[in-house]
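Each residue of the sequence shown is one higher than the one before, starting from 1 at the first, in the UniProt record's numbering.
What the hints contain is simulated information worked out from the structure, not anything from laboratory work.
Please note that a few of the clues may not be correct.
[Stated by the list, open to error] Straight-line distance between alpha carbons at most 25 Å, and here's what the computed BS3-like set of lysine-lysine pairs gives: (1) Lys24 - Lys8; (2) Lys31 - Lys4; (3) Lys31 - Lys77; (4) Lys179 - Lys126; (5) Lys4 - Lys141; (6) Lys77 - Lys135; (7) Lys179 - Lys141; (8) Lys16 - Lys4.
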Amino acid sequence: FLNKLLGKQNTLDDLKNLDPEYYKHLSALRKMNEEEIQDLGLSFELTIGSNVDAGRGKKTPKTVELVPGGSSIPVTKQNVIRYVHLVAHRRMNVEGSRETHAFLRGFRDLIPAAWVRLFSAYELQKMISGDDTIKGIDVNKLRSVMQYAGGYHPSQPIIRWLWEVVDEMTPGQQRMFLKFMTSCSRQPLLGFHALVPTPCVQQIRLRDEDWNDGRGGHQGSVDGRDVRLPTSSTCMNLLKLPNYKTKQMLREKLVYAIESAAGFELS
Numbered sequence: 001f002l003n004k005l006l007g008k009q010n011t012l013d014d015l016k017n018l019d020p021e022y023y024k025h026l027s028a029l030r031k032m033n034e035e036e037i038q039d040l041g042l043s044f045e046l047t048i049g050s051n052v053d054a055g056r057g058k059k060t061p062k063t064v065e066l067v068p069g070g071s072s073i074p075v076t077k078q079n080v081i082r083y084v085h086l087v088a089h090r091r092m093n094v095e096g097s098r099e100t101h102a103f104l105r106g107f108r109d110l111i112p113a114a115w116v117r118l119f120s121a122y123e124l125q126k127m128i129s130g131d132d133t134i135k136g137i138d139v140n141k142l143r144s145v146m147q148y149a150g151g152y153h154p155s156q157p158i159i160r161w162l163w164e165v166v167d168e169m170t171p172g173q174q175r176m177f178l179k180f181m182t183s184c185s186r187q188p189l190l191g192f193h194a195l196v197p198t199p200c201v202q203q204i205r206l207r208d209e210d211w212n213d214g215r216g217g218h219q220g221s222v223d224g225r226d227v228r229l230p231t232s233s234t235c236m237n238l239l240k241l242p243n244y245k246t247k248q249m250l251r252e253k254l255v256y257a258i259e260s261a262a263g264f265e266l267s
């Protein structure tokens, strides 16, 4: 899409970022021998999406030719490279072009195309999204706006542990934590104070069944006890944090939750 902002055409290499699986299948075609290609029975046409049969309201596949008369041109070892590039061109530059052009018209009403073309696609990505490879989040600023509910307050040990754990996370884990809580892995452009609702950590009190396996014993990987994971209500920027007994227990459960994307709730 950044290439579109720059007025450039996308290529097969760009498809790798948009649809890695599709790119993988197309790349595999280039490595096949003549017999393998013939067995696929491909021609220079492509079945895309579906369109509505106005007469019956049924959805039927839509087949388009990649070149004039493409339906009668078989794909061979000699022309497979051309076929692959034509398919990629269709996928990247033709499909969705009407919507893209509409967006570009509006975008260029605000920012002249000549200004945008001063930058490369890489530079535009950095300007729009920042550098995800080296930056985490500003933990202190997030902490400064955080509210607490359900009996939690900033001076409690578990809250101190929480911020120590987040501060000790890798940049990637910090972004996962922010996404787990707010559904967005990047800091707001105007700062955390601009988040609505204000981020909040709510206490979840552990019940007897949370600590007991129901068979007279205890379960959990830390101290043989706790099993409940943190959850979140991303629409409310709310982290629901059980009242764990140790920092290590909190670290293990929080990291597990954010790395497995578990626990999203809308309650």
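Non-conforming hints, listed in increasing numerical order: 2, 5, 6
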